[in-house]
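Start from the sequences, fold in the hints, and give me the full structure.
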Amino acid sequence: MTRVLVVDDDPAIARALRINLTAQGYDVVSAADGASALRAAADRHPDVVVLDLGLPDLDGADVIAGIRGWSPVPILVLSARTDSGEKVAALDAGADDYVTKPFGMDELLARLRAAVRRGTAAPAAEPVLTLGELTVDLQAKRVRRGAETVHLTPTEWGILEMLAEHRGKLVGQRELLRRVWGPQYEDNRHYLRVYLAQLRRKLEPDPAHPRFLHTEAGMGYRLDV
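Residues 1 to 225 in this note's numbering are what the sequence shown lists, from first letter to last.
Among these hints, one or two may not hold up.
When the alpha-carbon atoms are kept at most 27 Å apart in a straight line, the in silico BS3-like pairs for lysine-lysine are as follows [unchecked claim]:
1) 101 <-> 141
2) 202 <-> 169
3) 202 <-> 141
4) 101 <-> 87
5) 202 <-> 87
6) 169 <-> 87
Simulated DEER-style distance windows between Cβ atoms [stated by the list, open to error]:
7) 165 <-> 23: 32 to 40 Å
8) 144 <-> 23: 38 to 46 Å
9) 33 <-> 209: 39 to 47 Å
If you're looking for bench data, these hints aren't it; they were derived computationally from the structure. Ideal Cβ positions, reconstructed from N, Cα and C, are used throughout, including at glycine.
Rendered as structure tokens:
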């Protein structure tokens, strides 16, 4: 059974999420503040986290960073904050997706399923690539720069993994969106711009002049090794 950690200090929303997710067969663990969320993540090992940013003790971005310090678990932000800067900050902190309140339960469930799929995606057949000073281990789902591990979120990893599987070839935007987010998101091309920028910051020697992760305007992306 897939375990979902729901972090929200609004009792009505937390209760609605528990009822709906339980009805869909999820094992739901709840937390009403950031400290409780971090303890629950460490103690209960959820398969996915649904996180409100406006918590009474910690900002949600701090909770994301705290979890990301040791776990690649998919994190789905559920927040009333609509400012694009807030969304980018949450994604930069390590969130995998962002749903704005008020939200439709069907959309939330679809994004939750996509997040779980990304977190459990099968590795590619050929396990190790070298990108300059980086080593990409597809079997272990790990990127290293020398002895240092480069942290990628599950969404970032899903994009890199697909590009690695088709290295040297153009991967279409819709194809990437279907694989990483699900077929209902194949027109949300802004997702790719945000996440490719994040990947370049983490992997490229000079993100402004990419050596490995290339964009073919209006078509897709290519990983050159």
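> Which earlier hints can't be squared with this structure?
Replying inline: 1, 6
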